[in-house]
Structures are given as C-alpha cells and as structure tokens.
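**Q** For the protein sequence lines, the chains are A and B, in the order given. Our numbering applies: residue -10 is where the first sequence begins, and numbers increase by one. Our numbering applies: residue 13 is where the second sequence begins, and numbers increase by one.
No lab work stands behind these hints: they were computed from the structure. It cannot be assumed that every hint is accurate.
[What the hints assert, rightly or not] As a list, the in silico DSS-like pairs of lysine-lysine whose alpha-carbon atoms are at most 27 Å apart:
no.	chain 1	residue 1	chain 2	residue 2
1	B	Lys158	B	Lys20
2	B	Lys119	B	Lys29
3	B	Lys353	A	Lys130
4	A	Lys21	B	Lys353
5	A	Lys123	B	Lys119
6	A	Lys130	B	Lys250
7	A	Lys130	B	Lys383
8	A	Lys16	B	Lys353
9	A	Lys124	B	Lys158
10	B	Lys17	B	Lys153
11	B	Lys413	A	Lys16
12	A	Lys124	A	Lys94
13	B	Lys20	B	Lys250
14	B	Lys317	A	Lys123
15	A	Lys21	B	Lys383
16	A	Lys123	A	Lys94
17	B	Lys29	B	Lys158
18	B	Lys205	B	Lys158
19	B	Lys317	B	Lys20
20	A	Lys80	A	Lys101
21	B	Lys343	B	Lys160
22	A	Lys16	B	Lys383
23	A	Lys101	A	Lys21
24	A	Lys19	B	Lys160
25	B	Lys326	B	Lys160
26	A	Lys124	B	Lys413
27	A	Lys124	B	Lys353
28	A	Lys80	A	Lys19
29	B	Lys353	B	Lys21
Because the structure is a prediction, the values reported are computed rather than measured.
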Amino acid sequence: MDSQKLEGGAYGGVEELYREVILDHFKSPKNKGRLSPSNAEGEGLNPLCGDQIHITAFIENEKLKDLRFDGHGCAISQAAASMMTDAIKGKSLDEVGALSVSFKKIFGIEEKNNMASRFKLEDLGDAVALEGVKKYPVRIKCALLSWNTLLELIENFKKRSEVKYDTSQ
Amino acid sequence: MFDPKIIKKDFPILSRKMNGRQLVYLDNAATTQKPNVVIDGLANLYRESNANIHRGVYALAEEATRLYEEARDKVARFIGSGTRHNVIFTRNTTESINLVAHAWACKFLKEGDEILLTDMEHHANVVPWYLLAKGKGIRLKSVSLKDKSVLDMADFQKKLTPQVKLVAVTAMSNVLGTINPIENIVKMAHQNKSLVLVDGAQSVPHSPTNVEKTDCDFFAFSGHKMLGPTGVGVLWVKPSVLDTMDPFLGGGEMINKVSLEEITWADLPLKFEAGTSNYIDVAAFSYAIDYLTQLGMEAIREHEKKLVTYAIKKLSELPDITIYGPKEANKQGGAVSFNHKAVHAHDVGTILGDQGVAIRVGHHCSQILMKALGVSSTARASFYIYNTEEDVDSLVQALNKVNNVFGLLKKA
C-alpha cells in the first residue's frame, strides 16, 4: 500500500536532503553573477516553483572556458547550479554532455552518451550530494534545472556556430 | 457552533500518517478531504443506483436520473437560486468558466471590446479569456491591488470603461484569502452595462452564497473543494442571459432533433450537458452539501474566522515569517499566505511535509498576483471545518524546524 510506503519511508530524510554541503553552496554560491565577455547565454524556468537560472558562458575551441550563473529559487535549484559550475568549468562540450548524463543517472534518468562511462560519480564533485533529492520526486526538477539550461545553451551555441560557418563559405 | 475534533472523526484520511507523523492537512484551498457519508455514499450509488440517466425507461434508470436531478435542486437551494434550469453541471470551475468564454463571450464579444479581470485571479479565470481575446482584437485589463492585499476599487472604477463587456472576478482569493466586495462590483459593472462572472471556487465552500442577491450573471465553483468528489463543477447563469447562449459542447443528451441538415437543442439545462454526465459524482456531491448544510455555512465561516485569527497571531510571533494579505479575519477566508525571509517556499513545503504538515507552496496558479506581491512563490496554509488550533500549532512547530534544517537557529 502506498500509505505504508509513505509512513515507513522518508521521515528524518529532510536532513539527508538538505546536507551541509548543499546549504553551503546555497548560502555562498560559486561562480555567481554574469560573465563578461561571454559568447553564450541561456535561461531556464521551473514554472512549478518559479525557480529561475540564467547562465552566461564563454566557449572557445569546443571548450567551456568559463561560466557564471544568476537566478533565484529554492535551495536545491540554486545549490545545484553552483555545484554544476564547479564541476564543469574548463571541460570540453562533449565532457559536459557526458557529465550531465552521469548526473541525471543519480535520479534514475537514463540517457545515452558514448562518453558517459568515462566519468565516475566523483567527477561530479559536490553535486553528488544532491542524491538525497531522489526521495523527493517533485524536487528533481529543481536539481536538473541548471543542467538542462546549460545543455540548451550549448545546443544553441552549436547551432549558431554551424550557421556562421555555412554563411562564411 | 460545531466541534472540529468531532468532525475530524468523520474523515478517515485525517487519522493516517504521512512520513511517520500524524497528517495535519492544511491544503484545503487546493482540495478538501471527504467525509464517510460522501465516500460510502459514492460507493453505494455504484452498488445500488447506477444506470445511465435521462435515457432508460426502466425503474433503475429513473432512480439514477432522480438522484442526479435532486442534486441539482440541492445545489440551487444551496447557492440561493430560485430556479433550477440554470444550474449546469460541469467538470470543475475551470470548465464552467470556459463554457462562458465559448458559449457567451465568443458569441457576443467583438473587436474593440474589453474584459476586465483583477490581479488576484486564478489562472482558471485568466487563461480562457486570453485564449478568447487573442487574435480577435479583444483587450484584457486587470484591476490592481491596494496594499498588496485588496482590490483597488478606485482603479476598478477607472478601468470600467464603456468598452468593458465583462468583469471576471474571484469572490475570494485562493492565495491571500481576500474577500472581494462582489455586490458592489456587480452594481458598478451593471451600471456600466457590463456583465459579471464570479469565480466562487474559494468562497462557496467557506461562506454562505446567494447568487440572486449578488445579482451576478455567471457564477462558477467546484464540488471537490467542499467535501465532494472530484470531477463536479457548477455553473450558474442568470436565466435571461442563459437564454441567449448557444451550446458549448455538442453530443448526446444536449439535443432535441438531429438530422444532417438541422439540429435543435434540448431544453435547459441539458442543452449545456453533452454526453453521459458525471451523475454518480454529482449525486455524491449532494451528500457533501447535506453535510455542510447541517453544520451551517454561517457557523463554518465563524469557525474559520477564529482559526485564521489564531494562525495570524501565531505566525506573527515568528520573526522570520512574512504574512501576505489582509491579515484580518473579517476581510479574508480560510487561507493564509506567508514566506520565510531566508528560505524559499518550496524548501519550506518540503520540510513541513516531512513532519506531516501538508501545505501548498508555489505560485498557486496565480502568477499575476505573485508579480504584484513581488515574489515568485508563497507558502499557503488553508483551513476547513476539521482543522483545529492544534493544527495551527503543528504548523508553527514545523516552521521552527525550517530554521533548524537551514542552520539558522540562534544558539542559546
């Protein structure tokens, strides 16, 4: 019975959700603000809770040289963004894609990516601490918001670069 | 006056636990729990009285039809309607409002016309008008708030221009609990030759309703927010207005004669109830109405006034909590919205849920109001007949835990 599952389950889990490392990132976020100069930006919105993430990045030679995030929302969404920037700064765009697959796997979301096996959970750094969100399915969206925003930013950047390449020919 | 502790016993779900703690249910503005008379009544209707209504000629079908139509009579009495043919059953408040948008507004509103909303409308009373207005040259306007808590009636007067053909307004804000001066609004709107739609989803469950005294033109509400099953909505329409309206959904039951060349419509109200209706839930809804009538809507209002006063007092004692809305039981229904100064409403909701306290957090389908309040979300505790001061104490206790989890507790 569902009720039994709920009764036996998550009580006391809330400390497990709001681990100290998460609260640290929430209270003193890394890479917060706007990057200048930047050549890519993206915005993500979680309409359910009104979480908002804005990312500015500088991409060069297929590499995410630097990035900043800005935004507001719950501790999970903001800490997740801070942790993400820590984990991916300086990585190649392919590596970022692979890391995102590893991250989503924590929440049971399986996506195909040939490079994903290259990374271990530890490579995600502090972001691993978000595994407590697993027990709160409605909050997984909060943890994924910054990652999905970044992936969209990269996707748009790639599309734009292709267009530029085409017209220069 | 009734004793909520005794009432609690009629609601089996309220004795369950959530996350190992006794459930404290404070999300009644979203939906209410159901008493045994509704739960068992619903099951018994399927056990004993089920046959498709308005069709069969055998006794069982007649019985089911009678139960459905008696429910209509009860609803009419409950909301102060002297007539029954203008009480239409829908799926919910949202569908009731969409019905008006399609069957009335779509027919009568033209380019250049305006619809006047308010900054505290639920999306159910915004999106249907947006969909209607878009591309048709119909303009949507919205009345601002005063002190971020009540309607600015001067702004209403100013925006009530000759172009305004419809005023669509909630009787009670689902976020702030604010009770709006509907009779006054209707008077002013009618002087301007504008019709008025009242969203009663929050007001009908919590206070006495009299649609005829209100003199509005359309009145919409839902059964599940007042002890009834989900899937039952009501639309009341002033008879003279209803007569001018074309059907909404087409199908069985709403017709008289059908040929490919010409179709004539069934008599009211069936003209607006296409297809097999949700007759079992409607009949079970009438048991909810009986239950509420027995308690008395005046008594329910008084009970909630006391609870809201207590909740506002208790929440005001917490230095980290900001309360929104009128903060006065005379001016608001059974809902209180608030935020923690340092912790997002979603985190608050999760931590409270962990302690068995169910509240709603987010924008409450009211993004326009969130913008007016200058926040992205709020936490909302909303009460009903079975809530007690102890439930408010549980809320306050759970809120203290928020500081604990976020490391904000001042060390003694």
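**Q** Mind checking the alpha carbons of Lys413 (chain B) and Lys16 (chain A) for me, to see if they're no more than 27 Å apart?
**A** holds, 18 Å
**Q** Given the hint that Lys16 (chain A) pairs with Lys353 (chain B), does the C-alpha gap stay at or below 27 Å?
**A** Measuring from Cα to Cα gives roughly 14 Å; hence the hint holds.
**Q** Verify the proposed pairing of Lys123 (chain A) with Lys119 (chain B), using a straight-line Cα cut of 27 Å.
**A** Between Lys123 (chain A) and Lys119 (chain B) the Cα gap is close to 50 Å, so the pair fails against 27 Å, i.e. violated.
**Q** Regarding the pair Lys101 (chain A) and Lys21 (chain A), is the alpha-carbon distance no greater than 27 Å?
**A** violated, 30 Å
**Q** Hint check: Lys124 (chain A) vs Lys413 (chain B), CA-CA at most 27 Å. Holds or violated?
**A** holds, 19 Å
**Q** Given the hint that Lys343 (chain B) pairs with Lys160 (chain B), test it: the Cα-Cα distance must not exceed 27 Å.
**A** Status holds; Cα separation ~13 Å.
**Q** Within 27 Å, alpha carbon to alpha carbon, are Lys19 (chain A) and Lys160 (chain B)?
**A** Since the Cα atoms of Lys19 (chain A) and Lys160 (chain B) sit roughly 35 Å apart, the hinted pair is violated (cutoff 27 Å).
**Q** Below or equal to 27 Å on CA atoms is what counts here, so check Lys20 (chain B) against Lys250 (chain B).
**A** This hinted pair is violated, its Cα atoms lying about 37 Å apart.
**Q** Just to be careful, I want the Cα atoms of Lys158 (chain B) and Lys20 (chain B) compared with a cutoff of 27 Å; is the pair within it?
**A** violated, 37 Å
**Q** Is the Cα-Cα distance between Lys124 (chain A) and Lys94 (chain A) 27 Å or less?
**A** holds, 14 Å
**Q** Decide if the proposed pair is consistent with the structure: Lys17 (chain B) and Lys153 (chain B), CA atoms, cutoff 27 Å inclusive.
**A** violated, 45 Å
**Q** Just to be careful, I want the Cα atoms of Lys29 (chain B) and Lys158 (chain B) compared with a cutoff of 27 Å; is the pair within it?
**A** With a Cα-Cα distance of about 41 Å, the restraint between Lys29 (chain B) and Lys158 (chain B) is violated, given a limit of 27 Å.
Going down the numbered hints, you'll see the structure goes against 1, 2, 5, 6, 9, 10, 13, 14, 17, 23, 24, 29, while the others check out.
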